[in-house]
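Top line first, the protein sequences correspond to chains A and B.
Residue numbers for the first sequence follow the numbering used here, beginning at 1 and rising by one.
Residue numbers for the second sequence follow the numbering used here, beginning at 1 and rising by one.
Rather than coming from a laboratory, the hints here were simulated on the basis of the structure.
Any given hint might turn out to be false.
Each computed EDC-like pair below joins lysine to aspartate or glutamate, with the alpha-carbon atoms no more than 20 Å apart [said to hold, decoys possible]:
#1 B:Lys80 with B:Asp145
#2 B:Lys153 with B:Glu129
#3 B:Lys85 with A:Asp182
#4 B:Lys85 with A:Asp56
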Amino acid sequence: MKPPKFPFFSRIFLKPAFIVVLMFTLIILGSYAAQYYAWSVGYQITPLTTSVVVVDLGAHSGATSVPTVYHGGSETNPAATLSIPSGKTLNIYTFIPHSALDALENHFYSIRLTVYWKKSTAGLGEYNSKSIWLVYNGVHHYVSPEPNIGLDGVGPNMNAIVSPTISSAVGPETWYFWFEVDGIWTGAVQTSTGPTSFPIWVYAVEV
Amino acid sequence: MGLRRRGVACEPTFFKDSRKSLFAITFLLVSLFLSPQTAGNYTWQVNYTIVPLIQNVKPISSINMHAGRHGWVNVTEAYKLIVLKNGTNVYFKLMDTDTLIQHFTSLVVQIVIYDGLKAVVTLPLRFPEETCKYANLTKDNYNVDVRINYVAKSLTEHVSGTITVAIWAVEQTLSEEVGTYYKWTVNYTISP
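Here chain B stands alone, though its shape is the one from the complex (with noise of 0.2 Å):
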């Protein structure tokens, strides 16, 4: 342990093993450095807990769909909405209506949110004036189905886009200020 036999005496050789002086050095390096970044301040904490408001995202394949008819998808539990304060505020916005409009002669995009296996609250979303809708919720976890209705323009040409609702939600106040928000989205291909 750190000493050699050499006939009768015993003699440190510590700093002789290069390989434990290098981490004694270390040692004492990072000491140095870290000893004025712990030292002289006092510490205020703030404390904060942050659950994502959606989870469970359901993953779905691209739809295709044919020009000039009407139809119909229905994803069940497309998501879990997770709302932690009473009288929670979440709001479903319905994005890029403007390429929707060129892609499509009506789309609804109804959200319905279940609490178990009862419907607390359906919204449907349609170009161009009811993009946004909110729901005001307790405190639960919910279960979201997503079904979407559309008739799709007589295009001449494949064409693809993307469907994205837009989720966020505001406690205790009502407010369509767009800030930071999940994006539930769906895939399509429009066929002539």
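Excised from the complex, chain A in its bound form (with noise of 0.2 Å):
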């Protein structure tokens, strides 16, 4: 015997993913219809730095030591400017990747990064710079951001240069960056590395 039909409305109405839908469209509909009040937040975001420094190492035989000292930028020609925003406080942290310095191992002997900076208002020569040997003797040198946080998930074993907390505590200020990569002993490659590149990466994290 075959069981009664229901009309089509009773039909349509029992499905439970039809009551899911209209339950949904009632909350939307009601909450435009209701009187509510409004918070909002306010926020700016200043771009760190605008520059996207890129310097050339050029073409080197292996096994070769290259007294040239290469530029990325100058203190009279900064390749970089970092704002600070008025009445904040930030560690600057620029590192190389682990997984960058895995590659550079194979491809240098020594290899060296020198970081520096200073205020856009100070004067001739009154810059902070620091150094490090991203691979000597043919071991990368591994350093631990201080503090490891900024970059969730990248993991412990980085290659990092802490540079000081730079604040700007009466208005916003701009920073003057630009690096250096001498020290270079390339390595007894067996195949041509072909054009490649490491990354510097630079973020800051407010005090």
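Quick one: dock chain against chain with the hints and give me the complex.
Pasting the structure below:
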């Protein structure tokens, strides 16, 4: 014996999916119709730097000592400008990720990176600098960043150059950054590396 | 395509298919893990290219020598030398000379550098004093021949060893400081 047929609308209304869609629609419509208070969260994000610094070391033979110093900008022509918002104190971090260091160890016997920075209002020669051997005597140089925050999930084995705290208590400030690569002794590579590169990551953490 | 016919109506079955569900979950997890690494930093970049200094190294079988005798070995086109910068000083150094002195009365390893058919420079390496020499070369690809002249010592038993020449370069300046280098080697045995 055939079960009795329900009318068309009864069959539709009994579907659970239809009931869910209906309730969701009512909630949305209801929120428009009702009175409510509005809070707003204002924010402003200023680019830390707008400069994309690219330095070309060129092509070199393997197992070759290179006395040339390669410049990514200079004191009078800085490579990057970092903007510090008013009333903020920032730690600026520049570092080479672990994966890039592994490649550098295969390609270089030695290579050193020096980062320079100064306030835009500072006089000539009033700058700070920090050097780090990325690879020295065939071994890459790990330094864990201090503190290891700012980039979740990157892991502890990173080569970091930690700049001192830069603060802007009164108004927005501009700082200049530039860097050098020297102390290059290429590795005794067996095959050409081809054109390749390593990154220097830059980020800041508010104190 | 993710829809299963059931009577008249169709309903989505994407997440009922376990393989597709697994793919979707994996995709979401990978996206979550990757996003923190790609976000939140500015990147500066340092470009470079490194080309092997020596290439096409010819394989050499072990050299058999006789004690108390003089002999020579000529290895033509032992390897190619790739110089990328004008004024590059390429160094050649005879290594492990302490062992060589025990096996040879005299040993001269001549490095002959050719530009095409023309010999540019010949560098004789001999112990104990002239073990390291250099050639100032312009940007080019060179062929290198190695000629070995030896007088083996009057040994009473079989000995074997390796003649090793270290090769490295310095751009623009002179420095005999040995860091990393390529090795050109040839094995030998001396019979009484």
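Hints and how they fare:
1. B:Lys80 with B:Asp145: holds, 9 Å
2. B:Lys153 with B:Glu129: Roughly 19 Å separates the two Cα atoms, so the pair holds.
3. B:Lys85 with A:Asp182: holds, 17 Å
4. B:Lys85 with A:Asp56: Between Lys85 of chain B and Asp56 of chain A the Cα gap is close to 15 Å, so the pair holds against 20 Å.
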